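Student: One-letter residues, chain by chain:
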Amino acid sequence: MRATMTPQELADRFVQKFGSRVSNIQVKERREGVKKLPQKTVWMTVSREDLNDAVAELISIDYPHLGVIAAADNGDMIDLLYHLQVFFGGKHEEICVVFTVQVPKSDPHVPTISGLIPGAVYSEREKQDMIGVTVDGIPDSRRIFLPDDFPEEVYPWRKDEKGIPPSMVRELWKVDRPTDRPVPPVSEPEPVEKKEPEPAKEAPSGGAAE
Amino acid sequence: MSQKKAPYELPIGPIHPALKEPINFTFQMNGEVIEKVDFAPGRAHRGIEWMGMRRNPVQILHLCDRICGICGVAHALVFAQAVEQIADIEVPDRAYYVRTIIAEFERIQSHILWAGVAAHELGFDTLFYLAWQIREESVDVIEYITGNRVNYGIMMLGGTRRDITADMFPRLEQALRYYEGLLEKMVNLFLNDKTIAMRCKNTGILTKRRALELATVGPTSRASGLAMDVRIDSPYAAYGDLDFDIVLPDVYDSEGNGDVYDRIIVRIFEIKQSIDIIRQCMKQMPEGPVLAEEKYAKLLMNLKKASGEAFARVEAPRGEDMHYVRMNGKQEAPEMWKVKASTYSNQMAWVEILQGEQIADIPIIVASIDPCMSCTDRVAVVGQDGSAGIMTKEHLHRLSVRKTRRLQS
Chain A
78 MRATMTPQEL
88 ADRFVQKFGS
98 RVSNIQVKER
108 REGVKKLPQK
118 TVWMTVSRED
128 LNDAVAELIS
138 IDYPHLGVIA
148 AADNGDMIDL
158 LYHLQVFFGG
168 KHEEICVVFT
178 VQVPKSDPHV
188 PTISGLIPGA
198 VYSEREKQDM
208 IGVTVDGIPD
218 SRRIFLPDDF
228 PEEVYPWRKD
238 EKGIPPSMVR
248 ELWKVDRPTD
258 RPVPPVSEPE
268 PVEKKEPEPA
278 KEAPSGGAAE
Chain B
25 MSQKKAPYEL
35 PIGPIHPALK
45 EPINFTFQMN
55 GEVIEKVDFA
65 PGRAHRGIEW
75 MGMRRNPVQI
85 LHLCDRICGI
95 CGVAHALVFA
105 QAVEQIADIE
115 VPDRAYYVRT
125 IIAEFERIQS
135 HILWAGVAAH
145 ELGFDTLFYL
155 AWQIREESVD
165 VIEYITGNRV
175 NYGIMMLGGT
185 RRDITADMFP
195 RLEQALRYYE
205 GLLEKMVNLF
215 LNDKTIAMRC
225 KNTGILTKRR
235 ALELATVGPT
245 SRASGLAMDV
255 RIDSPYAAYG
265 DLDFDIVLPD
275 VYDSEGNGDV
285 YDRIIVRIFE
295 IKQSIDIIRQ
305 CMKQMPEGPV
315 LAEEKYAKLL
325 MNLKKASGEA
335 FARVEAPRGE
345 DMHYVRMNGK
355 QEAPEMWKVK
365 ASTYSNQMAW
375 VEILQGEQIA
385 DIPIIVASID
395 PCMSCTDRVA
405 VVGQDGSAGI
415 MTKEHLHRLS
425 VRKTRRLQS
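Quick mapping for you: the protein sequence lines, in order, are chains A and B.
Counting along the first sequence from 1, when you hit position 88 you're at 165 in the numbering used here, and nothing is skipped either side.
Counting along the second sequence from 1, when you hit position 213 you're at 237 in the numbering used here, and nothing is skipped either side.
Some hints here could point you the wrong way.
[To be verified] With a cut-off of at most 25 Å between alpha-carbon atoms, the simulated PhoX-like pairs for lysine-lysine come out as follows:
#: 1; chain 1: A; residue 1: K105; chain 2: B; residue 2: K329
#: 2; chain 1: B; residue 1: K319; chain 2: B; residue 2: K354
#: 3; chain 1: B; residue 1: K296; chain 2: B; residue 2: K322
#: 4; chain 1: B; residue 1: K296; chain 2: A; residue 2: K168
#: 5; chain 1: A; residue 1: K105; chain 2: A; residue 2: K94
#: 6; chain 1: B; residue 1: K225; chain 2: A; residue 2: K105
#: 7; chain 1: B; residue 1: K329; chain 2: A; residue 2: K236
#: 8; chain 1: B; residue 1: K427; chain 2: B; residue 2: K60
#: 9; chain 1: A; residue 1: K239; chain 2: B; residue 2: K354
These aren't lab readings, by the way, just hints derived from the structure by calculation.
All of these numbers come straight from a predicted model, not from anything done at the bench.
If we strip away everything but chain A, and leave its shape as in the complex, we get:
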């Protein structure tokens, strides 16, 4: 059994180590079910220069599981949110740690954390694709989700002029039937002439065949 700590202790340890370089520390709890057991989270903002040190500090506490790196367009800044979990495996012991890193849009660079957590490459590649943050030192900088012929400098999650332009959006309800399809192998059936409704027959019995 690994030694665990409370969310507040974890937050205090970061304050002790990084001082004012970590800010906006929030310890949150969410309780569900009848017993209302807590889901523990610690949110904090770190600068991109300190990101690797912060992750390393977390590793020294307990090797974390990287959930995902989320990102949001925040006006002049891009927020990157590193969702990490520590102390999983014990019963109800887990703490989720969220490092928020803000990078300016004028200089959208962030260092890679794949040196510490190799599995981060996947999520970092996605961030390069989707929100246009350059991850410095990433071992594999190819596109991951967007197709190769997707235009450069267009990032789907951006809310500014670099987002998806209206010209790239196709409204499904406006799309007609395609006209460039090959002729079907079987010719279209002749339209059936509408007959006068026949005089009412006996209603079908609906039962099984005898």
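Using the hints, position chain B against chain A.
Tutor: Coordinates of chain B only, in the frame set by chain A:
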């Protein structure tokens, strides 16, 4: 294979129904042995997050149902949890239990579906048909509860749209008994079978250390001995009230070296666990309503005013599923919505577990992390001169069957 010098390249995909998304694999082959693996996902990227950021949360909830056809409830549940945190919606206790029951039935059907696929990949089609036949029962129960076999539409922000009443319990109990009666048979067929053991033991090994470093989740990481299950780590819905433990390969006396066989063990025994969880839920279910706010117009008004950010996590059948939502209180649509499905985390493991294995093992190893149903659709072998020979799915499947026969003789 006109190329003369090893290693030669073997692309698989991009159309590839073995996976939730079509995916493109490139293998560097040396003879029969895989030297290097590369993959390119995103062939079926539908821009769901982009769509979501232009819709209101109730609309997104129903979009979530359609992210995946197998774990339909997981995405809707996790999105609802995230929004409930932002908007401070108090979910009635009974709704937690309804959510748990439906999520566990989903786990049963997903794991049996996977077991059938795994049998098919090994050329054991009798077992494939058997597994898919018994899967029907769980899908029938899901239909009985929600009205649908897929895209259940039972979740709602602040609870569920339908209740599971006491008069429905006998039907649920009947399904649980059915699976209980089959468990021993399933363990016997999957885990005591000589051929399955030969093909799966020591195949596609993922060590505990690498499972952790590559951020894998769910049965894939548990099979490597990594104790990790969101249901226990960060209890959501009714899981905090229930008594159960993380399933690791040692339940069947395996050392848990993280091979394909261990992944079968974990999934089979999680079916047993789900039966137990549903029973506990039915016993402990509190009385009361299942929805916090029944008037959708009022709900939407409140959501429009809500602001803040939150993330939520659930244990989907394939592993941790996570949504991050940010709302700004000015518009109906969330400012940001990030979906992280379980396969997203597990794909990095492919690079690790396919290395050093044989072509004939590709189908079972690719399927072993449970990316989704079915198998490799087709493999195109591109020669150096650019001429493309097509290896069909049948051919690849035949290779796998032949290997099974070879081992048996």
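Student: With reference to the structure, classify each hint as holding or not holding.
Tutor: Here's how the hints hold up against the structure:
Restraint check for K105 (chain A) and K329 (chain B): the C-alpha separation of about 21 Å stays at or below 25 Å, so the hint holds. Under the criterion of a C-alpha separation no larger than 25 Å, the hint pairing K319 (chain B) with K354 (chain B) is consistent with the structure, at around 21 Å. A hinted pair counts as satisfied when its Cα atoms are at most 25 Å apart, and K296 (chain B) with K322 (chain B) does not qualify at roughly 41 Å. Distance restraint check for K296 (chain B) and K168 (chain A): the Cα-Cα separation of roughly 20 Å lies within the 25 Å cut-off, and the hinted pair is therefore satisfied.
In summary, the hint linking K105 (chain A) to K94 (chain A) is supported, as the alpha carbons are separated by about 21 Å, within the 25 Å threshold. For the hint linking K225 (chain B) to K105 (chain A), the alpha-carbon distance of about 44 Å lies beyond 25 Å, and the restraint is violated. Restraint check: the Cα-Cα separation between K329 (chain B) and K236 (chain A) comes to about 20 Å, which is no more than 25 Å; the hinted pair holds. The straight-line distance between the Cα atoms of K427 (chain B) and K60 (chain B) is roughly 22 Å, inside the 25 Å bound, and the hint therefore holds.
Proximity of K239 (chain A) to K354 (chain B) is assessed by CA-CA distance (about 22 Å); at most 25 Å being required, the pair is judged to hold.
This entry does not satisfy hints 3 and 6, going by the numbered hints stated previously.
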